[in-house]
Each structure stands twice: as C-alpha cells, then as structure tokens.
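> Sequence lines, in order, name chains A and B. Using our numbering, the first residue of the first sequence is number 5, and each one after it goes up by one. Using our numbering, the first residue of the second sequence is number 8, and each one after it goes up by one.
Note that these hints are calculated values from the structure, not bench results. No experiment lies behind these values; they were computed from the predicted model shown. It is possible that some hints are incorrect.
Here are the computed distance ranges between Cβ atoms for each label pair [claimed, not checked]:
id: 1; chain 1: A; residue 1: L69; chain 2: B; residue 2: N90; range: 47 to 55 angstroms
id: 2; chain 1: A; residue 1: P61; chain 2: B; residue 2: L155; range: 53 to 61 angstroms
id: 3; chain 1: B; residue 1: K13; chain 2: A; residue 2: M15; range: 39 to 47 angstroms
Some but not every residue of chain B turned toward chain A, in silico, with C-beta under 10 angstroms [as the list claims (entries may be wrong)]:
id: 4; residue: V15
id: 5; residue: Q17
id: 6; residue: H21
id: 7; residue: S157
id: 8; residue: Q160
id: 9; residue: D180
id: 10; residue: T211
id: 11; residue: A213
id: 12; residue: V217
id: 13; residue: H219
id: 14; residue: A223
id: 15; residue: L247
id: 16; residue: Y251
Where is the CB? At the ideal position from N, CA and C, for every residue including glycine.
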Amino acid sequence: MGGTRSWTWHMAAAVVLLFVLGMHMLIMHMAGTGHWFAPYGTEPSSMRNSLFRDENPFFIFAYILLLGVALYHGLYGFRTIVFELTLKPATEKAITIALAVIGLGLFGLGTWAALVAHRIALAGAGG
Amino acid sequence: MAEAGKAVRQIAFHVTRYNPERDRVPFVTSYQVPVRQGMTVLDGLHYIKDNLDATLAWRYSCRMGICGSCGMLLNGRPALACNTQILHIANANLTVKPLPNFPIIRDLVPDLQSMFDKHRIVEPYILHANEAESDFWAGEFYQSTEQLKSYLQFSYCILCGCCMAACPTLATDTRYLGPMPLAAAQRYDADTRDEGRHARNAVTDAQSGVSHCHYAGECSRVCPKGVDPAKALQLLKRSLVLDYLHLGRQTSPCKKLQGPGNGTRLPDIAAVPKKTA
Chain A
5 MGGTRSWTWH MAAAVVLLFV LGMHMLIMHM AGTGHWFAPY GTEPSSMRNS
55 LFRDENPFFI FAYILLLGVA LYHGLYGFRT IVFELTLKPA TEKAITIALA
105 VIGLGLFGLG TWAALVAHRI ALAGAGG
Chain B
8 MAEAGKAVRQ IAFHVTRYNP ERDRVPFVTS YQVPVRQGMT VLDGLHYIKD
58 NLDATLAWRY SCRMGICGSC GMLLNGRPAL ACNTQILHIA NANLTVKPLP
108 NFPIIRDLVP DLQSMFDKHR IVEPYILHAN EAESDFWAGE FYQSTEQLKS
158 YLQFSYCILC GCCMAACPTL ATDTRYLGPM PLAAAQRYDA DTRDEGRHAR
208 NAVTDAQSGV SHCHYAGECS RVCPKGVDPA KALQLLKRSL VLDYLHLGRQ
258 TSPCKKLQGP GNGTRLPDIA AVPKKTA
C-alpha cells in the first residue's frame, strides 16, 4: 500500500483542512457580525481576543492540527509535482528526506509556539 | 448534399515525417488531398501514398475501428484515422502527427511497446486462486447482468493508445502506468470470475500506480470506443483505499454451474455441438 497510503492521508488532510480553514474564516473574517470566539471589540486578531482563544485547549489543538495537516498536504503535494520531473531514484529519496525534515522541524516549531502562547494566556488570565 | 465519390474540397494534410535513420528531428510535409463526403483520414493517407508520396508510413489493419492500429494525433486530438471523417474535423487544413507520449518508429508509426509492457504487468486476464482452474475448468461460471455491467464498458478497450497519448500525467512521468493498463486492471478486478485483485494491487498501488492520476479526464474524452478510463481509475482508487482501511468488500467469486441449468432453450438457438476432444 505505497501510493494509496500516502494518497489516502493526503485526501484526509484536505478534508480536515477544509474544516479548520472554514473555522478560521468564520472567526477571523466574520467575527465583526457574529463575535464567535472574539468577545472583545470587532477586531478578532487583537491581543485580548487572541489571548481569549489561546486560553482554550481546543484552540491549541486546532492550531496544531491545522499546522500538521497543512504541512503534510502542502509538502506531499509539492513532492508529487517535483516527482513528475522523472528524477533519479536517489534524488527522489533525498527530496523525500529533506521534505520530511523540513516538515517535522516546522511542525515542532509551530507546536512549541502554540504551547507557549497557551501558557502565556493562562498566566495572563491568572493575574 | 454532395454527390458520393466527387471531391468537394481540397484539404491540406500537414503530416509529420520522421525517419530516425536519416532525420535528426521530425519535420512537416504538406499534401493537397481532394476530399469527398464520408472520406476518412485513413482514406486521405492512402490517397497520399498512392498518388503523392509512396514513402509515407503509418500503421493500420482493420479499417473499421476494431484493431486499434491507426491511432494518431489529428488536429491535436488523439483519434483513430479509420473512424474519423476528414470533413468532420477540418475545413482547409488537417495536421496529422504520431501519437505523443510514445517514441516514433517512423513518420506516423509510434512504438507502443512501453504501453504493452505496462499492460502485461497488471495481469489483464482472469486469475483463479486455484491455478488448475485456469486450464481445467470445473464448470461454467454464473454471472448476473449487474455483475456483468460492473466491468462491461471497460472491456471494450482496443489498446489503441489514444488515452495514453492524451494523458498529461504520462507526458511528464513516463513511469506512470497510464489509463489503459489501470483501466484493464479495474476491468478484471471488478469481474466476479476473477480472484486476482490483491495480486494486482501490488502493481496498481505503487507510486507509479493509480494514485498518480490527476483526474484530468482527457483519457475518457478521446477514447474512440467510448470507454471511460477516468471512471475506471476512480473506481480502482476507491477499491485500493477501502482495502488499505480494511473496509474493502469481499466479493465472493461467482457460482460454478455443473450443467446447463434449468432454463429452457429458445427455439432459434442451436444446441451445443458434441465434444470432439
């Protein structure tokens, strides 16, 4: 199950992306009318509204999920495009390893940033 | 309406010529062909060979859209020369090129060997779990109309290579199996007499397999037999994903009948001849 396994996860990541990007659009671009998860004023990206969401573990999970699926979907898609150049197997292997390292590195960095934001928000809420 | 047999228009055939023993790159030669109503591109090529240039080479056999030999690129679209009427696709000019995505043997003759090699590795024939069954069958296989319909249209493929020539994925990645071999795999995977789906999965699931399809759909648009290879590939993808998730439906092989059954023979159907061996 080589191609099918990667392709299935690629498609599953696309479905999750649709859901989390839809949530992003609702919160960031329709908050002026709905005030979804942005109770302070009409600017959803203000510091107070951001800290309000960062306190909530659901949003931290959503950030990390969005990061993970976006990285996998994007990098796998990029790899597929590059592989259509009919490269040598050794080059393809090197590209796969490089993209895996880049993806895991960015995922680790983003996860760390989300967890730090959560800790700062909790510390702010505690006084 | 024009009188049959009388030329109604002069059409300029712009034909790609190439002899690898003599030419470094393909070039185009133009021929003026008097075209009658109903005249096919194959007829036009015969006119050129008989009257204008006897050195022109192309491949053909049946002249009736059955053998799949005369696939070529007509005004930028892969088609069979024998079932394409000139006046349906050309007013004054007609470009005739060999099928793309294949090496050229000479002029309009593509080398289809790579396609046949890919076709062979998907094992496009009925496989039985019991190998002896292939040579010494134990009875007649019963298949319902619905079971037949699940693969029937894919069995109309004549291996002409038009879908392979139209495939944009194959144009960039020659390792990709392509629509024809993958549609053939689906044709046999869906056949209830077959038990070779898991064996074929090893080929169709590879990196160069069906997951490489971008679903451009050109294969289905150009097929001269009305086969829908794009649909076959999507069905194959679904089957592979379900197998990967262990949700694949276990299709039971069709029943074997040990005799003619209980039906009544229609009066105009002759009886089976006696066995001679």
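> All hints are to be evaluated individually against the structure, with a verdict given for each.
Hint check results:
For the hinted restraint 47 to 55 angstroms between A:L69 and B:N90, the CB-CB distance of approximately 54 angstroms keeps it satisfied. Between A:P61 and B:L155 the beta carbon distance is about 55 angstroms. The supplied range of 53 to 61 angstroms therefore holds. At about 58 angstroms, the CB distance of B:K13 to A:M15 disagrees with the hint of 39 to 47 angstroms. Hint status for B:V15: violated, given a least beta-carbon distance of 45 angstroms to chain A, over 10 angstroms.
A distance limit of 10 angstroms between C-beta atoms decides the matter here; for B:Q17 the minimum to chain A is near 43 angstroms, and the interface restraint is violated. Interface hint at B:H21: violated, since its Cβ lies 30 angstroms from the closest Cβ of chain A, which is beyond the 10 angstroms cut-off. The closest approach between the C-beta of B:S157 and any C-beta of chain A is roughly 21 angstroms, which is over the 10 angstroms cut-off, so the hint fails. Given hint, B:Q160 at the interface with chain A, is violated; its Cβ is 24 angstroms from that chain's nearest Cβ, farther than 10 angstroms.
The closest approach between the C-beta of B:D180 and any C-beta of chain A is roughly 5 angstroms, which is under the 10 angstroms cut-off, so the hint is satisfied. Of the supplied interface hints, the one on B:T211 holds, with its beta-carbon coming within about 8 angstroms of a beta-carbon of chain A, less than 10 angstroms. Given the 10 angstroms rule on beta carbons, the hint for B:A213 holds: about 6 angstroms separates it from the nearest Cβ of chain A. Given hint, B:V217 at the interface with chain A, holds; its Cβ is 7 angstroms from that chain's nearest Cβ, closer than 10 angstroms.
Interface hint at B:H219: satisfied, since its Cβ lies 7 angstroms from the closest Cβ of chain A, which is below the 10 angstroms cut-off. Proximity of B:A223 to chain A is violated relative to the hint, the smallest CB-CB distance being about 13 angstroms (cut-off 10 angstroms). For B:L247, the interface hint holds, since its Cβ comes within 10 angstroms of a Cβ in chain A; the closest pair sits about 4 angstroms apart. Restraint check, B:Y251 versus chain A: the minimum CB separation of about 5 angstroms is within 10 angstroms; hint holds.
In summary, the structure is inconsistent with hints 3, 4, 5, 6, 7, 8 and 14 from the numbered list given earlier, while agreeing with the others.
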